[in-house]
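Peer 1: If you want the building blocks of each chain, they are given just below.
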Amino acid sequence: MSTARLDFLKELGNIGAGHATAALSRMLGNERFELVVPEAAMLSFGDAWDYIGGPEQVVAGIYIQVMGDAHGHMAFILPVDSALRLVEILVGGETAELDEMGLSALEEVGNIMVASYLNALSDLTGMRLMPSVPAAAVDMAGAVWQTILAGAAVSDTLTLIKTEFMTDSVAIGGHILFLPDEEGFQIIARRLGLEEL
Amino acid sequence: MQEVFVNMGQVIVLKQEGILTTVGLGSCIGLALYDPSAKVGGMGHIFLAKSRSEDDAKAFPGKYADSGVPTLVQMMVLAGARRERLVAKMAGGAHLFPKLRNNGPSVGDQNIEAVSVKLKELRIPLHGRDVAGQHGRKMRFDVISGIVIVTAIGKQPLEI
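Each protein sequence line maps, in turn, to chains C and X. Residue 1 is where the first sequence starts when you use the working numbering, and the numbers rise one by one after that. Residue 1 is where the second sequence starts when you use the working numbering, and the numbers rise one by one after that.
Certain hints may be false.
What the hints assert, rightly or not - Within a straight-line C-alpha distance of at most 35 Å, the following computed DSBU-like cross-link-like pairs (lysine-lysine) qualify:
1. X:Lys-58 - C:Lys-162
2. X:Lys-50 - C:Lys-10
3. C:Lys-162 - X:Lys-50
4. X:Lys-99 - C:Lys-10
5. X:Lys-58 - C:Lys-10
6. X:Lys-155 - C:Lys-162
Hints were generated in silico from the structure; no laboratory data involved.
Please work from the sequences and hints to get the whole structure.
Peer 2: Here's what the structure looks like:
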């Protein structure tokens, strides 16, 4: 893959995730988040499988489909401990496990973050990008990730942008992933005047 | 004992030894085929029901139910299994995000149906299954005993 394509993807990830974590920060009383340099990748189907690592680790995953002028899929995946801390801060009190209310809170967080991410990309490109309703699940990382890949009906290669975020004072970290469909990706690239990607 | 992990889209056959394991089954199907006399066991980790192009199915036959099930059967016959002795067990096909209900059946339901249809077509009896629902699964298949154990978070291990 060309460096230009990678750099372009990273920039999208930076802008989108920057806005998403700013939204999360506001929800958490201005808790400061640190973003790790986004990782852009084109993976073969065989390599996509363990991209997010530790398939048996328990994670919370929030999955949102992207519709509008370009289609794609977004996921917000965090270790279950981080998800619990997040819910505690948002809902108040101590949370030992993620119940219905916890999952709803997570879905709302995912909703706000993804909307911010997509708004940033919309502003940049002048395209209309709309999120579906959010859906959260707590399960084995492999099962969550696999189900998202199947939802995206990934064929031979997968283009994605992953941005890791974390905070210093509370132990919350996770990944924001954007999987544009190949067609959607080309539309975004053309909008920004990048023909040869 | 040798434990071989079967990743998404793979089909692997073992003969007279080892354990075949697939972790993180969400909407995917873990399919175990077994010839109990020859002790040849095979496992597929099927991603979607149907291939969208012939090229894709050729490059990665195990990804799809329509190409993966026959491929697994062929591999087992090559390893010394007899087609008429094969029995099947399957797990997976869950719907992890029930809120994202599109029109029609979920990916998991489509996978369960496609694998079941293919097994019927190939006249392979289905001896056990733990499918659907809203949770992920792990499947371990002992090729010596033919025992298949399915585990899931917060549930007792289940022999199918």
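Peer 1: Going back to the hint list, which numbers does this structure go against?
Peer 2: Violated hints: none at all, because every hint is consistent with the structure.
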